[in-house]
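For the record, in the sequence shown the residue sitting at position 432 is 432 according to the UniProt record's numbering, with numbers rising by one throughout.
No lab work stands behind these hints: they were computed from the structure.
Take these hints with a grain of salt, some might be off.
As the list claims (entries may be wrong) - When the alpha-carbon atoms are kept at most 25 Å apart in a straight line, the in silico DSS-like pairs for lysine-lysine are as follows:
#1 Lys253 / Lys278
#2 Lys250 / Lys278
#3 Lys253 / Lys301
#4 Lys278 / Lys301
#5 Lys250 / Lys301
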Amino acid sequence: MMSKFGLFGDIGLPALTINHCRTPDGLPGECGDLSRCIYLIFDMVRLRRSVCFRNLFMVGICCPGITSTTTTETIQPNTTLIPETTVLTTVSTEAPTTNITTAATTTTTTTTEKPVPTTVPIKRFNQKSTKKPFSTSTAIAHTTSKPTTTTIKGIEIFTPSPSPTEDPYILATEESTQNFTYASEFRCGTSGRDGRIVGGYESNPGQWPWMAAIFLDSHRGREYWCGGALVGTWYILTAAHCLSDQRGRKYRKEQLTVRLGDHHLFRTDDFMNPIEFKVSAAIPHPQFSRSGFYNDIALIKLRQPVTYSEFISPVCLPTPGLKANTLVGYMGTVTGWGTLSYGGVGSGSLQQVTMPIWDNTDCNRRYFQPITQGFMCAGFFEGGKDACQGDSGSPMVIPDRTRHWTVVGVVSFGSKCAQPGYPGVYTRVTEYLDWIDENME
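Could you build the full structure based on these sequences and the hints that come with them?
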């Protein structure tokens, strides 16, 4: 399905796998050697915008008009994923405008760091009168030696946009959900509005309809705690460390609340009508370990089923055939409501960023604990874009050839946020498909 050619064959460096991509003009192309569209060297701005892959040794360019491959093989929507063309020109050293950031240096150092916790309460601007009052509990976070995290999205289904004096959140009840007919033919992974990613920035309202915000009720009150992804009418996929405190004490399901269909967590002028769901079960992986974040994956079962709409719909789970694909070099997109910098405040609005996926061997050299097959890593070498605190549990997604999105990773940990030389670490979803299937009734 994918051909290969030598990128720097004269000096014996590895070949670059050609992947389908989109040019800055939105035209179909292939991510490969600059020699395939050498004319771009005369337009440096366009050349920089056409970068679709980068690692320690090579840069891939999305060249247009090279998609005339003759193949009769039928490709299933969820099996073959394609990387997105991403702008690599502006890597800011300031707090990124996304919730997801991590990178690796361009030197082959062997320095290692322990993981940093990714889920901590999000510092907010004046939250008292900025957005809709909270009415129930939600998810939770985690802390260990050094990680970071992201979040999700939702839908409107009941009444028109409420006035500022009304409660902008609708709490799902058995009676209310029975008033709606579920879509009999609904395609997972369908993004809303503009689904194209070109870097880290605020998403459009309704763009990522599977995103879920998890809130935690504690002695400090109610706090946004983690992100997650809707993977069915009853279930949210998130990180296991979001469901217990630093000492490993599991949160009660009554403490958790899931909100779907929101864009800005603390404002009502985003024209969204979010819906909140109480939780009937919190299901962390039984082998989850806070020491190293192994098996950092969990499911949350909602008390009532979700009604799909333009603003609330599920992301696709990977097919078993995808397990053999390491996805190295693909561009993964992460969305979340976490902080914009390490130790900083949250923007309140859903952020997004697209980053290259690393080889686990390279990632393993960067961290103290082993990066096993159950992990995947992503980030820019120079830093500047990554998942951050409050982003834990949020999904990393990749589009297939039909522009539908599949969740391949769950934000787990990282070295601070967008730290140069240290990619973010994600739970690799394909390693847990059997467990997910067994626990989704």
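How the hints compare with the structure:
no.: 1; hint: Lys253 / Lys278; in the structure: holds, 8 Å
no.: 2; hint: Lys250 / Lys278; in the structure: holds, 17 Å
no.: 3; hint: Lys253 / Lys301; in the structure: holds, 10 Å
no.: 4; hint: Lys278 / Lys301; in the structure: holds, 9 Å
no.: 5; hint: Lys250 / Lys301; in the structure: holds, 15 Å
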